[in-house]
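J.: Below, each chain spelled out in residue letters.
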Amino acid sequence: MSSRRLQLTSRLDWVTLLTVAFLVVLGWLNIVSATAEAEVVWDLGGKAGKQLIWMGVCSILMVGLLAIEGEFYIRTSVIHYLVVLALLAAVLVIGKKVGGARSWFGVGSFGIQPSEFAKTATALMVAWFLSRDGRPWRTLATRLQSMALIAVPAGLILLQPDAGTVLVFGGFVFVLYREGLSGNVLLLGVTALVLAVLTILLGASESWYPFVGTSSGFWWFLVALGVLGLGALLLTRAATLPRFRKQTTIWGSILLVGSMLFSTGLHLGMEHILQRHQRERIHVLFGIDVDNPDADYNIRHAKAAIGSGGWAGKGWAQGPMTAYGFVPEQETDFIFCTVGEEWGFLGSAGVVLLFVFLILRVLHLAERQRSQFTRIYAYAVASILFMHFLVNVGMVIGLAPVIGIPLPFFSYGGSSLMGFTLLLGILLRLDAERFFVLR
Amino acid sequence: MELNRTELAARQRIVGAIVLGVGLVFVFRLFQMQVTTDEWKNRAERLTEEQEVLHPSRGLCLDRHGELLVTNAPSYDLMVVPRFMAEVDTSALAALLGLEREDLDTRLSKARRYSRYKASPLLRQLNAEEYAKLSPELWRYPGLSIRTKPVRQNVHGVASQIVGEYREVDREDMNRDSRYRLGDYKGKSGIESQFELELRGTPGIRHHLVDVRNNVRNTLTELDSLPVSGNDVTLTLDLELQQYAEALMRGKRGAVVAIEPATGEILAFVSAPSYDGNLLTGTSRGAAYDSLSKHPWKPLYNRAVRGTYRPGSIFKMVQGLVAMQEGVISERTHIVCNRDIIGCHGAHTQDDLRRAIVHSCNPYFYDVMRRGVSRHPDLDKFDNARLGLGWWTERIKDFGLGTTLGGHIPGTRPGLVPDTTYYDNIYGKRHWTYRTIYSISIGEGELLATPLHMANLAAIMANRGWYMEPHLVRDIGGKGKPDALQQRQEVGVDAEHFEPILDAMQLVIEDRTGTGRKAYTRGITTCGKTGTVQNRNKADHSVFMALAPRENPRIALSVYVENAGAGGDWAAPIAGLLVEKYIHGEVASSEREARILDATYPLDPEFAETDMPVPPTNPTPAP
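Protein chains in written order, with this note's numbering: chain A, 3 to 441; chain B, 9 to 631.
To be clear, the hints were calculated from the coordinates, so they are not data collected in a lab.
Here are the computed lysine to aspartate or glutamate pairs in the EDC-like style, where the Cα-Cα straight-line distance is at most 16 Å:
no., chain 1, residue 1, chain 2, residue 2
1, B, LYS141, B, ASP85
2, B, LYS487, B, ASP240
3, A, LYS316, B, GLU53
4, B, LYS157, B, GLU60
5, B, LYS489, B, GLU477
6, A, LYS316, B, GLU57
7, A, LYS316, B, ASP46
Some chain B residues flagged as far from chain A (calculated, every beta-carbon gap over 12 Å):
no., residue
8, THR79
9, THR357
10, GLY410
11, THR411
12, ARG443
13, LEU493
14, PRO557
The structure presented is a predicted model; accordingly, all values stated were derived computationally and were not measured.
The beta-carbon is built from N, C-alpha and C at its ideal position, and this holds for glycine as well.
Just chain A, with the same shape it has in the complex (with noise of 0.2 Å):
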């Protein structure tokens, strides 16, 4: 095993760590001065007090994780996502329900999130399946059992419900292109989102129809969307080759119904079956006026914490507006406000490069393995990083809807930034043993 033995410090990526550990170390800081009792910081009841024990204890754990040998997570990657699957069912019946998701396990005054764990699992299964035996994208039964394999845990996730975590799980959409998945999946995506986009704001418009009456823009646009999508079909169909054309015209007619049956039942589904609240929080974020005051409380209230705080900020623990309860869910979700009104734009855009360079430099890690498995774990882990990251900070800079979802490594929470240890953890792990035999 002489050959095996490895060389943990000088293999370890410490830039990642240490790039970490300051998110860890600016976090927690943010969330003494959003907490506002900078007095009782050593309170360990406190929050900021909390937050320091736990993390000490992630420190230990990713000691422990390091310690552990890659082997260890490849073997045992199904049995992690079995028991994960296992959390995730019983935390629907028996969990604690705290603000309408039934998402936690209640132990005394700490509690875990499954949800946070399932993310690590998850990878580590993709992974693991999607390395058996070398050729990742081969089958099409391949490819719809690693979505099968990351639909199962997100649906679960979904019936809590916690949305922002199912977002999470659609990031792995990036693995499984890296994986081979056509770029044209990306497209229809971009595409599925400007119609997405069109539907609502057209959709909550109004507009006079013949013999109808008043009634919602969408119908005009459906019928718009129809006429210019047959027009473009037909002068495509013209355009290709003759032996192309059936091919072009049936590919090109599926897209344009898809399209239109896309846009009918997004619309529907925003009438009908979404809370009255949730519409208003998407028309918010669209800028489409809504009648009720409290819609936009909380994304106004945090955009405005950024705002103030100018180039450099007001210093630390010196922001009104965190310090004096303006701001909702300040040290978890609604993290980056502190950061954006104390620290300024320089702080603030600090941070976010500071996360891209993080992801930028885990995707680096991924592409400079030789073993498939790591190269694919990786990929998810920047995935996950990268979905928590567009989605928390979109959020609180009024650039995506208010979703509830941690900043990693930033955010106030034990199971977040443990689940976030286990998931970079495991990673460097493997990472450090990036130049031993293929596996």
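Starting from the known structure of chain A, fit chain B onto it as the hints suggest.
T.: Showing chain B alone in chain A's frame:
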């Protein structure tokens, strides 16, 4: 669609670009929110910063000797924070506050509508007694607190009409001047209003940081400013004389204006009935204002500058002066008392100017003015009248009549001196002659003047031909008087012409047959002239104009007592007492004084002339 390894590896760039792109979009958005616009910053400030206005203390009002006239006294507003009132026994509270239960509920719900977290007034301007009764019970009600706020206090309750009101601003005030906020006070009339900008001072501001429940959490001292007190206003009034004049006029209707001739400073200024301005502050204001505004004697009406009366006999002296200056007559001109044209009274046949003034001879001054307006033998009677009235009007206006006298006293009415345009409008051009307008020659007809005009006329006599625009303010914040108030206004009559007039005025008081004998004071050469303004169906107004001492006049005044009879009966003795009080500092004869102090009309809206405890009217009223 099998891709080879290199092609797949290239996809890392796309994923990386997406991550980088999102990061840059976020940075750009942060730049836009934090650096390029103040929108969010302002919004955050609106949420977290609250400015507390530190009210400056308002400038004081002093009399000419530095005696305090108007000062600031604390009043107490009972404030309520509705969110703490949920479990309060409102009927007990209503009983404590002396309110109806419904009234209290209305006030509470109004406060709740304003804000649940911010304090709003439940009861305003409680005085010290009401506050003392309330304060030991306040601890039972956590939502109630007391806010002290200064109100104006008129120390002696005098000169209320001059001082004016200081009360809550209305919407219009707030629109005009953004400094006023709801619940602020400002001067609304009189000196309080005229010198609002000087008196109010500059408010200080204290900045607080508040939390989401509007609790004050911190202060931002670097932006704070301290309030700067308002400037004190020193009035020209003599407190003692003012108090005495108000006492003499108690129970009567009319006015007193006394002027220091050399400076134009008003020493006493009374519109009777007067009232105590302190009634119009605090919780009693509504009822007090109501009764004052409904009182048949109209105490809120400032007769001293807004009451316009025909000047009557007093005007004859002006006629004499103008005629002498124009060379129409000399002091020795005798004119026959021809009572065919115009009535007269008393026994005289052919007076010179002095006697004519003492006797108030109507035909004399009829003829004086006739001579003045018929000086062009080549013109007919129409053009002569026009031409004559033209110069006459100018001359009379030089005496301040028909003008606002510089307008230094708010609300001053110009009165009326008819000119050619005036008569042209009534009768048509070349349709009037001296015969049409002759009643103005004896101070009757269309002529109108206020008590202020008549006091100023006395000052002109005292100064022998000039006056300073009458005013009430001596000094504001140590800056002294503006130059405009130190300009002599010449009336265009040589000083020598005043001596015969003053002789006559002295005779009015000192001669055995003089009409103003009741104004005589031992040791003071007082000059005066009675006036009696006739009223249809009602007793005449008693008017007196005087100056003293003749050699070195220190006071010039006019006294009006409505419906009291001849000038000599009531106005003259009041003037005499005021002169004595001012010159000697005290009144020797308490008998004379008591006669005036005790004479009152009944304060009854249905009062009849016959019930007036005032001696009967002059049997032959002078026109």
